[in-house]
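From just these sequences and the hints, can you work out the full model?
In order, the protein sequences belong to chains A and B.
Just so we're on the same page, this note's numbering is the position in the first sequence counted from 1, plus 4.
Just so we're on the same page, this note's numbering is the position in the second sequence counted from 1, plus 282.
Worth flagging that the hints you see were computed from the coordinates, not collected in a lab.
Quick caveat: nothing in here was measured; it's all calculated off a predicted structure.
Think of the CB as a built atom: it goes at the ideal place given N, C-alpha and C, for glycine as much as any other residue.
Any given hint could be a false lead.
Unchecked claim - Every beta carbon over 10 Å from chain A, so not counted as near; a handful from chain B, in silico:
hint, residue
1, 307
2, 316
3, 347
4, 402
5, 410
6, 440
7, 450
8, 458
9, 481
To be verified - Not everything, but these chain B residues come out facing chain A in the computed CB check (under 8 Å):
hint, residue
10, 413
11, 464
12, 546
13, 573
14, 583
Below, each chain spelled out in residue letters.
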Amino acid sequence: MLELTFFNVTNGLIIGAFYALMAIGLSLILNLSGVINFAHGGFLVIGGYLAFTLRPYIGFWGALLVAPFLTAIIGFVVERLLIRRLYGRDPLYSLLLTFGLAFIIEDGTRQIWGANGLPFSVPEALMSPLSTQFFFITGYRMFMVAMVAIVVGVLFVLLRYTRIGVRIRAGTLDLETVAALGVNVRALRSLNFAVGIFLAGLAGVLAAGQIGLEPTMGDSLLMPSFIAIIVGGVGSLTGTLLGGLLIGVASGLTAVVFPSASEAIIYVMMAIVLLVRPRGLLGEEGMMS
Amino acid sequence: MKPELQKQTKQWVRAAGVAAIWAALISAPFWMPLFGGYTALGTRVLVLGLAAMSVNFLLGFTGVLSFGHAAWFGLGAYGAGFVLKWAVLSTPVAVIAGTLLGGIAGALLGALLVRRRGVYFAMVTIAFGQVFYYIAFQWSSVTGGDDGLRGFERQPLDFGAFSLDLLHNDVYFFYFALFCFAVAVTLMALILRSPFGRTMIAIRENERRARFLGIPIEFHIWAAFSLSCFFMALAGALYALLNNFADPRVFHYSLSGDFVIMAVMGGMRTFWGPLLGAIVFVVLQDYISSVTVNWMSFIGILIVLIVLFFPRGILGLIEQRRAA
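Structure below.
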């Protein structure tokens, strides 16, 4: 029982780290641009499939580095061409636009790479279990968590200590003032969007190594990411990180006692948070209320 | 033209338009086959149109975007299915039970949601909508899981002296659905004309001002949300009867998205727009999915084009033209 609990909690943490990676990208875009990016799962899929295509040429490590950047470039172009036009309009429109984009991406993926799942193998070195007793902690899982930790850590440092990072954080709180101070808000939003999509692309490559590739793989990861944001509090990236880890662990723990509710539990958590603390764990009072 | 006269003409045009809509709906089973349509498609348009109008009741007239309304639609569908499968073999009872199930659940959960606004509200409604999707998916002993809820069918409508076979006669069922549609739509129109409806519009136009006037905003939004859930659940119940089947996808957020698209495409500031949007959307989807496997891309591109170039929708565009 203890071992099972340990297994599920670890598993939950790993999944939670993954949710957090997705959710932080979503959260960045939501905070600065007020756009709920429904196509985030689609960009994740693009990242994974690009890595699949690149892998034979530049290997796993090369694909891991390059695919997220390519995804970010696609995201940047999409922002420039489509999403940018909708800033300042009712959020309904950007929501619908990304909803339509998600359709196009899913169908496009199916068209290019086929409707059936594809395998995405990771290097042997990462596949072996770390110990015989805890066979479930494969190197790859640890690697995923480490990657998430590094990337999120770097992102937080960049946001805290670089000029652009400070501007992004300031823009989250009051974009108008930031614009009035002479910051090019349009460029800032484009860059911020691309960073968010980069995280989605990276999540796609990492997920591909764990569960393989499927055109609909982004779909099942999108909802938990929304919930991570709501639980953590809109407007706070730290909150989003915390929210992702929390719902991961909660669903891991639930899997011990009542496996079929392990997915439902995250919604229960969301309901509790909305009842007890509507702004989310670390959310600002009045932020997008 | 004198302003007075102009106003009168406008009212006449409007009345004539509404009369034309009803005439077209009532005679639909007779003219649809001429254009290659079939009665079940007409019923589908009617049911999804009612759903889109319910979403728009909230979105277009209170200015609150719910992106999870498929939840109440789905509850209506499963509610009606449960009643027919296990409780009472009666179509009206099933419809009423489905409507109550979805409506009451919506009203209860709505109380949790109404303090949120804008994007945040949309996000919370999406997430809540998915709860029911998972329940329907996981709790397969009751809901049939992924295979959906089967084993029920529409029952004849018994009037004592005679009875109408809704199951085998598609036209009868069309008129049954049209009757429910008419009741719901009339109710919607009456609500929107009432002081309560005017208050909804005031909240849409300027929430802060409405609050200063002493209007209890949260209560009004909650009431509008709940009413729209009841209408939505009615549409869902009819949908289950239409297919004699309900599967978890009726809860999925992509269906919620479809409803919002129908409302926007038809014109979300207009009363009849969503019905028009539903007609275009359903017929297009039916047609495109029969000619190409890439129908998802077409729908996606259609959505993008509407958002970028026709945000007012078809009816909105027409009204704008007329006003100019």
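| message | Please check whether residue 413 of chain B passes as an interface residue: C-beta within 8 Å of a C-beta belonging to chain A. | response | With a closest approach of 4 Å, the residue 413 of chain B hint holds.
| said: Let's test the interface hint: is any C-beta of chain A closer than 8 Å to that of residue 583 of chain B? | reply: holds, 6 Å
| request: Mind verifying the non-interface call on residue 450 of chain B? Its CB should be farther than 10 Å from each CB in chain A. | output: holds, 36 Å
| message | For residue 347 of chain B, is the shortest CB-to-CB distance to chain A above 10 Å, so the non-interface label stands? | response | violated, 5 Å
| request: Examine each Cβ of chain A, and state whether all of them lie more than 10 Å from the Cβ of residue 458 of chain B. | output: It holds; residue 458 of chain B is separated from chain A by about 33 Å at its closest Cβ, greater than 10 Å.
| said: Quick check on residue 464 of chain B please, does its C-beta sit within 8 Å of some C-beta on chain A? | reply: Hint violated; residue 464 of chain B Cβ to chain A Cβ min 29 Å, cut 8 Å.
| task | Could you check that no beta carbon of chain A comes within 10 Å of the beta carbon of residue 316 of chain B? | result | Since the minimum Cβ distance to chain A is about 32 Å, residue 316 of chain B lies beyond 10 Å and the statement holds.
| Interface-negative label, residue 410 of chain B against chain A, beta-carbon threshold 10 Å | violated, 7 Å
| message | Quick check on residue 546 of chain B please, does its C-beta sit within 8 Å of some C-beta on chain A? | response | holds, 7 Å
| query | Taking the closest pair, is the beta carbon of residue 402 of chain B still more than 10 Å from chain A? | reply | violated, 4 Å
| Consistency of the no-contact label for residue 481 of chain B, given chain A and a CB cut of 10 Å | holds, 21 Å
| task | Let me know if the C-beta of residue 573 of chain B comes in closer than 8 Å to any C-beta of chain A, holds or violated. | result | violated, 15 Å
Hint check: violations occur at hints 3, 4, 5, 11, 13; the rest are consistent with the structure.
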